[in-house]
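Produce the entire structure from the sequences given, and follow the hints as far as they go.
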Amino acid sequence: MKSISLYVEKDTFIHKLEPVTKLWYAFTSVLLTFILPSLWMGILFLLFSLLLSISGRVLKNMIAFISAVIVISLTMLVIQGMFYKDNSTIVFTFGSLKFYKEGLIHATLLIVRVLNMIISFGILILTTRPSDMVTNLVQKGLSPRIGYVLSSVLQIIPQMLSTASTIIDAQRARGLETEGSLVQKLRAFFALIGPLVLSSLVEARERAIAIEMRGFGISMRQTHVSVILEGKVDRVLKFVIKLVLLIALTWRVVSWII
Amino acid sequence: MDNLKVSTEELSYEYPFSKKKALNNISLSIFSGESVGIIGRNGSGKSTLCFALTGLVPSFFGGKRTGRVLIDGVDVLQMSKEKLVRKVGLVLQNPFSQISGAKTTVFEEVAFGLENLGIERDEMVERIEKVLKRFNLWEKRTQNPFELSGGQLQRLAIASTIALEPEILILDEPTSQLDPQGTTEVFEVLSELKKSGMTIIIVEHKFEKLVEYVDKLIFLHDGSLVGYGKPEEIFSMREIDIYNVGEPVYTTLCKNIDVKNTHGNYPVHFNESVELLKGVFQKDDR
Chain G
1 MKSISLYVEK DTFIHKLEPV TKLWYAFTSV LLTFILPSLW MGILFLLFSL
51 LLSISGRVLK NMIAFISAVI VISLTMLVIQ GMFYKDNSTI VFTFGSLKFY
101 KEGLIHATLL IVRVLNMIIS FGILILTTRP SDMVTNLVQK GLSPRIGYVL
151 SSVLQIIPQM LSTASTIIDA QRARGLETEG SLVQKLRAFF ALIGPLVLSS
201 LVEARERAIA IEMRGFGISM RQTHVSVILE GKVDRVLKFV IKLVLLIALT
251 WRVVSWII
Chain S
1001 MDNLKVSTEE LSYEYPFSKK KALNNISLSI FSGESVGIIG RNGSGKSTLC
1051 FALTGLVPSF FGGKRTGRVL IDGVDVLQMS KEKLVRKVGL VLQNPFSQIS
1101 GAKTTVFEEV AFGLENLGIE RDEMVERIEK VLKRFNLWEK RTQNPFELSG
1151 GQLQRLAIAS TIALEPEILI LDEPTSQLDP QGTTEVFEVL SELKKSGMTI
1201 IIVEHKFEKL VEYVDKLIFL HDGSLVGYGK PEEIFSMREI DIYNVGEPVY
1251 TTLCKNIDVK NTHGNYPVHF NESVELLKGV FQKDDR
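Chains as they are written, first to last, in our numbering: chain G, 1 to 258; chain S, 1001 to 1286.
If you are wondering where the hints come from, they were derived from the structure by calculation, not from laboratory data. Ideal Cβ placement from N, Cα and C applies to all residues, glycine included. Warning: the hint list may mix true and false statements.
Restraint-style ranges between C-beta atoms, simulated for each label pair [to be verified]:
no.	chain 1	residue 1	chain 2	residue 2	range
1	S	1017	G	11	54 to 62 Å
2	G	204	S	1244	27 to 35 Å
3	G	233	S	1017	56 to 64 Å
4	S	1263	G	145	49 to 57 Å
5	S	1270	G	141	57 to 65 Å
6	G	233	S	1016	52 to 60 Å
7	G	170	S	1020	31 to 39 Å
8	G	200	S	1262	48 to 56 Å
9	G	140	S	1230	42 to 50 Å
Derived pair list, reagent style SDA-like, types lysine to any residue, alpha-carbon separation capped at 20 Å [said to hold, decoys possible]:
no.	chain 1	residue 1	chain 2	residue 2
10	S	1140	G	225
11	S	1133	G	225
12	G	140	S	1118
13	S	1083	G	223
14	S	1081	G	140
15	S	1081	G	221
16	S	1081	G	218
17	S	1081	G	217
18	S	1083	G	218
19	S	1130	G	226
20	S	1081	G	208
21	S	1130	G	223
22	S	1081	G	144
23	G	10	S	1105
24	S	1083	G	221
25	S	1083	G	222
26	S	1064	G	209
27	G	10	S	1142
28	G	140	S	1077
29	S	1081	G	222
30	G	140	S	1121
31	S	1081	G	209
32	S	1130	G	224
33	S	1083	G	217
34	G	140	S	1117
35	S	1083	G	219
36	S	1083	G	220
37	S	1081	G	206
38	S	1130	G	225
39	S	1083	G	226
40	S	1081	G	219
As structure tokens, then:
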């Protein structure tokens, strides 16, 4: 039984960074493309994220998803190119359809933002073990209870799926039709959901007892066996990221006031 | 084995929304280093007694408890949760649901309880290494707990509890979902823990295994204490047959031909039964 994880095991500089540093980068990179609403700034952050994903050797793992997003995004170019509210300069016509410069630029900006969001969070997810992420967040002050919920969901969902598959097999062995018409599938679904929910509730109660007897929820200082260290590079990077974010925010606020 | 470790005084308990007493006026004493089994039919109160000894009844389940459960002379309900966790370990029957579910390696799984108790990292690592080696799980330390077999998982559950260094270990049907190999693995571990002087209380239906290992048996029926004594005394009680509790196969055999040992009890161990039966057959041959 594996936990839900997209982590790609590689030995790169990005993999070695503290998870929280990568989280800071992902959020800041996304926020900056909104705070600084220029297409060129968007492209700059997108290129930077692409560079990081190449350096983390995970771009290959994102290609399929990025391609799908680009295909879907093309509809944005068509719609915004023709119907964006500020459209005024015609770039080209396609039969009776007119495409405007303002709309195409706006659509490109939106696509760049979406791609940057996918790549920057992709870097975080593909180069960080979920357990390391949660441990790091708990070390930084996240409630251990919330940390437990986040970690356990990743492990327990695959286990529930495995239980569901066992129940399906058991119901099939007793003659239940799980294939066929919608009505048959619905009947199979209801036959599955009862035992699955009940067994999950029983397991959840037993797990609650087991972890309670292992001190879960004792209000005292928690220690950690896996320590995620904050290196000098992490400190510098976080400082730079925070500084850039602060400068961008200040610039935005000042430009509003003026 | 002189010090009184666990005792109950007129312990009664009702689950919420139930008018039936799950435990009814139970008084017993368990001494330090003793291994005690709990037997009885389904619904006799075995698991409830385990939960009462750990303070989970009524703190986790709710309901109404009267009487007292004392560990080292202190009522479990008066103890802080931390102190209770350090004193008593509990292992349940389903190995899969005892895994925290939040850790991705066997090593980290054992650390879960230690982290909650705020044990310093160096000591934590030392304790984890010790228990994993003791329970033959050291080679599996980097594996995901959910990838282990049932027997290995149950050993991991016991190891994770033992890492907390409790003085009392309570096991509620720890082998009920295990195959013979898994059962043997668990009992080997328990034999070792018994030798180390730990007080152990175990609910178990595999009587042949159980009697090899426990000093005394608690016999419950409908929440009441029917008997408390040595295994051969308990399995010689008429109530064992009346309540259809079951017994070791050797005891059944000896009961059928009415062969008793010198104390007037039916034997419960294989070797003793063989010796007694040999005697009977040799007498018959003559």
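Does residue 218 of chain G lie within 20 Å of residue 1081 of chain S when you go C-alpha to C-alpha?
7 Å, holds
For the pair supplied as a hint, residue 1081 of chain S and residue 144 of chain G, confirm whether the alpha-carbon distance does not exceed 20 Å.
Cα-Cα ~17 Å, so holds.
Does residue 1083 of chain S pair with residue 226 of chain G here, judged by a C-alpha cut-off of 20 Å?
Violated, at about 25 Å.
Does the Cβ distance between residue 233 of chain G and residue 1017 of chain S fall inside 56 to 64 Å?
59 Å, holds
Given the hint that residue 1081 of chain S pairs with residue 219 of chain G, does the C-alpha gap stay at or below 20 Å?
9 Å, holds
Straight-line alpha-carbon gap residue 1064 of chain S to residue 209 of chain G, limit 20 Å:
Answer holds: residue 1064 of chain S to residue 209 of chain G is near 19 Å, not above 20 Å.
Pairwise beta carbon distance, residue 170 of chain G to residue 1020 of chain S, judged against the given window 31 to 39 Å
32 Å, holds
Can the restraint linking residue 10 of chain G and residue 1105 of chain S be considered satisfied, given a maximum Cα separation of 20 Å?
This hinted pair holds, its Cα atoms lying about 19 Å apart.
Does residue 140 of chain G pair with residue 1118 of chain S here, judged by a C-alpha cut-off of 20 Å?
Answer holds: residue 140 of chain G to residue 1118 of chain S is near 16 Å, not above 20 Å.
For a C-alpha distance cap of 20 Å, please report whether residue 1081 of chain S and residue 217 of chain G respect it.
9 Å, holds
When you take the CB atoms of residue 1017 of chain S and residue 11 of chain G, is the distance between them in 54 to 62 Å?
57 Å, holds
Pair hint residue 1130 of chain S and residue 225 of chain G, alpha-carbon separation not exceeding 20 Å
15 Å, holds
The structure fails to meet hints 9, 14, 28, 39 from the earlier list, while all remaining hints are met.
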